[in-house]
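Based on these hints, arrange chain F on the given structure of chain B.
These protein sequence lines are chains B and F, in that order.
Sequential numbering from 1 applies to the first sequence in the working numbering.
Sequential numbering from 1 applies to the second sequence in the working numbering.
It is worth saying that the hints were derived from the structure and are not from the lab.
There is no bait here: all hints are sound.
Now the stretches of chain F that chain B is said to cover, found in silico as 3 or more residues with beta-carbon under 8 Å: (1) 27-33; (2) 54-68; (3) 139-148; (4) 184-197; (5) 225-236; (6) 299-313.
Here the structure is a predicted model, which means the values were calculated and not measured.
Ideal Cβ placement from N, Cα and C applies to all residues, glycine included.
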Amino acid sequence: MSSRDRILGRVRRALADVTPDERPYEQAVPREYLREHGERSVEETVDLLAENLADYRAIVHRCATGELAALIGRLLAERGSKTVMVPAGLERGWLSGAEVEHIADLAESTPHELDRVASVVTACALAVAETGTIVLDGSPDQGRRRITLVPDHHICVVRVPDQVVSSVPQALERLDPTRPLTWISGPSATSDIELDRVEGVHGPRVLEVVLVSGEAEA
Amino acid sequence: MSGTYLGMPAFPEAAHEAVGNQTLRGNLRHATHTIRAKRAKAVAEVSDWALLREAGKRIKDHTLRHLDRYLVQLEESVTAAGGTVHWAADADEANRIVARLVKETGESEVVKVKSMATQEIGLNEALEAEGIRAYETDLAELIVQLGKDRPSHILVPAIHRNRGEIRDIFRKEMGEWGRPAPEGLSDTPAELAEAARLHLREKFLRAKVGISGANFMVAETGTLVVVESEGNGRMCLTLPETLISVVGIEKIVPTWRDLEVFLQTLPRSSTAERMNPYTSMWTGTTDSEAADGPRVFHLVLLDNGRTDTLADEVGRQALRCIRCSACLNVCPVYERAGGHAYGSVYPGPIGAILSPQLRGTASEIDASLPYASSLCGACYEVCPVAIDIPEVLVHLRERVVEGGPAVRQGNKVVLKPAKGHAAERAAMRAARWAFTHPGALRGGQRLASRTRRLHPRTLPGPGRAWSGSRDLPTLPAEPFRDWWQRTNGGKGGAK
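Chain B with its partners taken away, still in its complex shape (with noise of 0.2 Å):
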């Protein structure tokens, strides 16, 4: 017998006292639970975010579309980033403000190579105002999960109020499964010293969050 049989054989025995519920799954598991927490207009969804995410230590901007390129050029300035990791499908003009080498993640890029980087600039998929979380998927304009995580500097740009939600609910709803996600909530930190909380461990140790409103240039 296989483990496969044998494992599932051992399930269906353990469960002989159980009536199976034919119920669809909905029906059979309520939820009455929230969707989101309180009551928020627009504006105030995207001050939620800004201020969740700064409370984990992510350095929040915000600008209009038109100074968009300025800010991304002034911030990979002070850091003092020579080289940047760019998506392929990264808005071209977001980068029009900064004087650094563009360097793009091809298949045969080692991580050796990504190490040497200083910084990578990014959309994302969508923010959660609640958790104050960015949610990467890996679109054109993100690129894969490996260049938001080696760089030591990731500056990310969410349209608002467009791509922000306010729930983790409202997120799932929102998000694909099938494709390769990751969810960031402040820069990488551990609790693991007397379970308290200190930032910048192996992710990138300087999150740059820059939220950008108003229409997005043609």
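Using the frame of chain B, we list chain F on its own:
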């Protein structure tokens, strides 16, 4: 479970030794009290906490009650997404599968994400025996591995170590495993975290095989979820070419939407955060055009006593556990005894009900675990999936004392009553007889009251062990029932 724990003394002996260790008690008190207050605040932010807890319980119960169906569905989803599913009935089989998969890659080292399941099966030791070196990459796991120590907490395995001890371990041991600790390393948490970052980075960058567990597996989509803080999980899940995930069969949820409950309750219960820094979700492998992450993905589904636990109508609720560790942090027994006394990778209240079910109650340590509790109920209060831990503890105590039917390795067995509980059984039989014979009970109570000045402070004979850690109750001068009769129920202010 891991052979590391074989031959552990029973909980009372191990705990007795631990409570005498002042440093350990100080470290534990500091850490558990810090997290307790933070958790209460994080939970209070969510107005529908009770409803989320109830939903989490229902989702897990429904899943467990149809576990065969969801396991088969998960296997189909993962396979369709490009993964390969393996089934392991016990620890040995899981270790053999993982060792074979690693060898097939031609590699002799792996990087690991913190995983309770791989600790439970003693994977690192099994790989070592096959000539494969496993590097733990979670900070606390690294502290444990470098210190040749055992984990003492589910979330923070090195909770028993303070910053000074951690600095000493890093200075002494890091050089043996790779990049040594920086010169002049201090004991500030930020510097210690930086030392771990530098030490592990070279291992991440060259790793070809990653090994993980998972917090959740979604049956309908085949998605696996790993919740973490440091980014070591992301490193292990995305940089290597091959990923092997070893996951207990109870980690399934039926639908994608179910994550909306647990992604709210788990971070707030474990690290007391609105959301943990990083959560990774992946579904099989991605196609070569936009390849992101490992090209080869293996999922090893682990039983190792879980189906035996499922067969117990009272005890099966322990399988709802999402390993948040909130019950450890509030437990007065854990706070004083520490995690090592539980003789298992699962310490604290949840460990006291999980270990004796996964491993059986044949060993001394496992038979003693259901007693490692004062039954105060704080663990049940904080549990985000409402496991009634005191109920299961009492149920397991009964099983230890009385014996009876159980399932071990899939077979029905009848357990013998444990040795060493003869006096307890005799006392209970005597109590049953006394309470069903009112005349004898009254006579006995009067006799006890009249002789109360002559009572010893500890019990003689087999009762000595019981009174060794407890004060005997002082008896009143007059039994309650006599007082009631004499004073007509206390009416008229009579004394």
